[in-house]
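Could you build the full structure based on these sequences and the hints that come with them?
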Amino acid sequence: MTHRGRHRRRRRGRALRATLAGAALALTAAATMISASQAKVTDGPGGLKQLTAAADTARLDLTERQVPRRWLGRLSASMGGTVGVGTVLASADHALRPSDDCTDAERESLPKEPAAARAYCWDRADTGGWSPGAVTTSADADDDGRWGDDRVILSAWSREDPATGRLLARVSFVDAGAAAPDGSGHPAYTSALLVLPVDGGRDYRALASPVTGMVWYQDKLLVTAGPKDRNALYVYDLHRIQRATADGDAVGRVPGGWAAHGHPYVLPAVASYRASAAPGAARPEVLSLDRSTAPDSLVAGESVRAGADRVSRLWRYPFSTDPGRAGLPATDAAGRTGVREAYATRARGIRGVLAHREPGTTRSQWYLGGTVGTAEGRGTLWRADTGGARATECGADRSQYCWSAEAGSLSYAPDTAEVWSQSDRALFAVPLAAVRDALG
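When we follow my numbering, the leftmost residue of the sequence shown carries the number 21, and every step to the right adds one.
Hint data in this document are derived by calculation from the structure and do not stem from the laboratory. Misleading hints may appear alongside valid ones.
Here are the in silico distance ranges between beta carbons for each label pair [stated by the list, open to error]:
1. Glu378 / Gln86: 30 to 40 angstroms
2. Gly197 / Pro88: 20 to 30 angstroms
3. Ala326 / Arg418: 39 to 49 angstroms
4. Asp169 / Arg144: 41 to 51 angstroms
5. Ala416 / Ala125: 18 to 28 angstroms
In this text, a Cβ means the ideal position worked out from N, Cα and C, and glycines have one as well.
Right, dumping it as structure tokens:
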């Protein structure tokens, strides 16, 4: 055999080995991609880990600060007094559309599994430029599900004012009495701008924070504040709704009256809660109410972004049983609100939290809704406790991305056994029994 022949055979051998090696690498890469894809579907956050060390729980403490009553009295007197929730509902100037009147895109934003039992879409002319946030209902306010004679849903919205660049937050009051169990009807609503008293109650400014968590408990409305705010929570009193008297985009006192960026009402804060100054102090980003504890508790959680090198935390604050502190979390002599229990979870991007203990059981189930970054923005709904976690599944591929697009907060209404939430386009309710069935 010539040298040239041996050289050609060595080259063919090297080419064959390279081809085989390339095929092996391709198969390995494909297997890795399949494994990663399966991991995206099947891997979960695991069980909750309880935090018991004082150093961990102390980071979750809040300190209460009351707005001076003389400030609130001066503002109320200057604006002509207060109005009640019933008055606000009676003046509703917008209507929600039942699901049959929603667009295909609006219906597509609803959960796939479990499916919404009823859904409503907003007046697009009213909500254009606004981003939806948290939801709470009169079932949080009172365990009979009503505020007086009314069933009410409160929906938070935020936007950046294009003229000034300032952030605005409002709450829409929905007359849920017109929301039929089959999802028909046209519930009416109107909105109040959330504001903070300033200058000794002689004026007010807009709450410059998105409201990602909100609970209406007794006569108080507790809302989360954004990361740029010094406070973690603000409190509003539903007995202190006040009328705006001037039109226009201004907020506060103007020549001849009071403006609220075109809204008919304002709701001034009556208290705030500041986060601990300790390193790693948590700021509540999602809220809900749990009536299955004694006393009732404010459930809170944080939303850690995907890829962050730390866990998310979930915790509770007990509500006060003092009649003089109706609707407020319990505090010690120094005005400090401490946690009752706290947990760590590997769940990321939490947009809604709900804790609920079934009668006759001893362990609460924690429901976590979140957006996980799918192309269509659809999220996942988890149920977790210290024993493990499970997600709803849908479709032939058993995808776990079954929850609503841009998932919002979770609010349980015991009187109707429904969980209320909202997507980026629609307000909806899902029976808790359907949630449990979907989670096995």
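Kindly indicate which numbered hints from before are broken by the structure, ordering the numbers from low to high.
2, 3 and 4
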